[in-house]
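Quick mapping for you: the protein sequence lines, in order, are chains A and B. Residue numbering for the first sequence follows the working numbering, beginning at 202 and increasing consecutively. Residue numbering for the second sequence follows the working numbering, beginning at 567 and increasing consecutively.
Source of the hints: derived by calculation from the structure; they are not laboratory data. Do not take every clue at face value.
Straight-line C-alpha distance at most 30 Å; calculated DSSO-like pairs for lysine-lysine [to be verified]:
| no. | chain 1 | residue 1 | chain 2 | residue 2 |
| --- | --- | --- | --- | --- |
| 1 | B | K793 | A | K219 |
| 2 | B | K730 | B | K689 |
| 3 | A | K356 | B | K644 |
| 4 | A | K356 | B | K800 |
| 5 | B | K574 | B | K644 |
| 6 | B | K730 | B | K802 |
| 7 | B | K689 | A | K356 |
| 8 | B | K836 | B | K819 |
| 9 | B | K757 | B | K800 |
| 10 | B | K693 | A | K356 |
| 11 | B | K633 | B | K693 |
| 12 | B | K633 | B | K819 |
| 13 | B | K819 | B | K574 |
| 14 | B | K819 | B | K800 |
| 15 | B | K730 | B | K693 |
| 16 | B | K728 | B | K574 |
| 17 | A | K377 | A | K399 |
| 18 | A | K219 | B | K757 |
| 19 | B | K793 | B | K730 |
| 20 | B | K574 | A | K351 |
| 21 | B | K574 | B | K836 |
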Amino acid sequence: MNKILIGRYIAGDSIVYKMDPRGKLVATILFIFVIFLANNPATYAILTIFSLVAVAATKLKGKVFWDGVKPIIWLILFTSLLQLFFTVGGKVYWQWMMLAISSYGIINAIYIFIRFTLIVLISTVMTVTTMPLEIADAIEWLLTPLKLLKVPVDKIALVMSIALRFVPTLFDQTFKIMNAQRARGADFNNGGLITRAKAITPLLVPLFISSLETAIDLATAMESRGYRGDQGRTRYRILQWSLYDLINLVYFIILVILLLIFRTH
Amino acid sequence: MTIDNIIKIRNVSFTYPDAKEPAINNVTFDIERGSWTSIIGHNGSGKSTIIRLINGLLDADENANSKIEVDGIRLTQKTVWDIRDRVGVVFQNPDNQFVGATVADDVAFGLENRGVSRLEMTKIVPKAIAAVGMSEYADAEPGSLSGGQKQRVAIAGIIAIKPKIIILDEATSMLDPDGRSQVLQVVQQMKDKYGLTVIAITHDIDETALADQVLVMNDGQIVTQGKPEYVFKKTKLLNELGLTVPFFQQVKKDLQSNAINIPDTINSEKELINYLCQLNSKK
C-alpha cells in the first residue's frame, strides 16, 4: 500500500515545506509565465541560479528531481534538436539540404533546453513538497472568486478531497481484485493488444461496482453525520500565511525585477 | 419511577421499492434510555433497515398508526435533522464511512456540517480523538490505519457531536478479534462516560453478552425480546432461525443433556466455570 506515492509527495521538513501551498501554487504558475521574460544569457543565468536555489532549499536528494525530468527528457531533447537544426540566421557552421547548424540555432536550442528543464524542476519542487490534500485546498482558494459566477466551489472542493481520499483505497482494491483474478487464472501481462484489453474486463467490472457501492455507503454515512449540502458548513482545516510565504514572495519579486533589469529590449 | 424510553417505535412497516414483501412488518418496540440493546437475526431479517428508519435515512410506509419517536421528538420531514443530531451511527465497512483525508478532518466532519466555529472545533476534535485513544494518529491518513482504528475514529466523530444514542450497524463484523474487542471497549467507555444509549446490530453472539436487552428479528418482525439470559434459553427457537447461542450456553445445554445437573440461574461463562470447579471439589 505505502509503495504508492500519491502525487509523488515526499515527506520532509525544510523551509519549502513550511510554505503555504497557495503561495507555492501561485508562484509555480507565475514562474511559467515569468520564464518567458528571459531573452539573453544573463537572464537565463539568473533564472537557473534562482531555480537551483529553490531546488536546494527543499533539501531533497538530486535523484528526486532527476526522476521528475526523466519521463520527458526525450521531449526536451527532441525540441532542442529541432531548434538546433531548423533555426536559420547568424553564422552557419554546417549545412545539408534544409538542415543547418547556425549560431542562432545553438543558442536557441540551449535556451529551450533550459526553459523546459526549469519548468519541470520548479513544478517538481511544488508537487514533491506539498501534500495532494494541500494542493486541493490551494486550488479551492484559487477558485474562490468563481463563487461570484455561481460556481459551486465548496462542492468542487469536497469532491476533490473525497477523490484524493479514495485514490489509495481504490488502488488497494484494484490490486486485490487483480490478485483474486490471477488466482483464478487471469493473465494481465501477456498477449497482444486485444487480448490484454479483454483481460482487463474482469478487473474493471468489479472495480466499477465496488466504487459505486463505496459511493452509496459513503453518501449514507455522510448524510447520517448531518451533511446537507454546503449551507452553514464551517471548515476545520484552514491554511495560514506565515513568514515563510513572505520569503517566497520576496524571492519571487527579486527574480522578476532582476529579469526585467537584465533583459534586452 | 416510570421507565424512560428514548426510542419508541409503534406499528412501523417498511417496504423497499419493487419488493413484494415488506422488509419491516408492523414492528413495535421501545428502548430504554441509557441501555444497551442488541438486535440479532439472520441475514435479510431487517436489522439494518430498522436503524435506517430510526434516523430517517429511509422513510417508513405511510400509516396513520405508525410512529417513530426519538428523545421525545417524532420523526417527520421537518425533524429529521434534529433526530440525526441525537443519533450517531457507526456503519459496517470502516473504509466507506471515512470522509476526511486525515483522522482529525474526519472527526471534524460532523461538526463542520453543524456550522460549529473553527475555534470550538479545535477544542472538541482533539478531545474526541483522545477519548477513543487515537491521539497519536491525529494526522494519519486512513490508508495507514487498521479497520479497528478506523471504527474508533468513526466513534470519535460521533462523540464530537454529543449524541444521545449511538448505533453500531454491524460495526465490528469486518474486524479482527483485537479490533473488535477494542471497539466494543471504547463504546462501553463512552456509554458509561456520557450516559449514551447503545443499539448494536450484530452477528457476533458474544457481543450480546454486553446487552441489557436483546431483540431477535426474523422476516421483518421481532420474534422475541428480553434480557440476554431469557432470550438464550430459547435455544430451539434460535436454532430454527439459524442463530447460535453463546458458547457457554451451548456447553451448559450439552452438559444438561448428559445428565449433569446445572441450574438455570447460571448465565455467564464465569459462573459456569465457578460452578463446574465447585462440582469437581464436592466429589
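Evaluated hints:
no.: 1; hint: B:K793 / A:K219; result: 58 Å, violated
no.: 2; hint: B:K730 / B:K689; result: 20 Å, holds
no.: 3; hint: A:K356 / B:K644; result: 24 Å, holds
no.: 4; hint: A:K356 / B:K800; result: 52 Å, violated
no.: 5; hint: B:K574 / B:K644; result: 18 Å, holds
no.: 6; hint: B:K730 / B:K802; result: 36 Å, violated
no.: 7; hint: B:K689 / A:K356; result: 26 Å, holds
no.: 8; hint: B:K836 / B:K819; result: 16 Å, holds
no.: 9; hint: B:K757 / B:K800; result: 29 Å, holds
no.: 10; hint: B:K693 / A:K356; result: 28 Å, holds
no.: 11; hint: B:K633 / B:K693; result: 36 Å, violated
no.: 12; hint: B:K633 / B:K819; result: 40 Å, violated
no.: 13; hint: B:K819 / B:K574; result: 35 Å, violated
no.: 14; hint: B:K819 / B:K800; result: 11 Å, holds
no.: 15; hint: B:K730 / B:K693; result: 18 Å, holds
no.: 16; hint: B:K728 / B:K574; result: 21 Å, holds
no.: 17; hint: A:K377 / A:K399; result: 19 Å, holds
no.: 18; hint: A:K219 / B:K757; result: 41 Å, violated
no.: 19; hint: B:K793 / B:K730; result: 22 Å, holds
no.: 20; hint: B:K574 / A:K351; result: 44 Å, violated
no.: 21; hint: B:K574 / B:K836; result: 34 Å, violated
Consistency note: the structure conflicts with the earlier hints numbered 1, 4, 6, 11, 12, 13, 18, 20 and 21.
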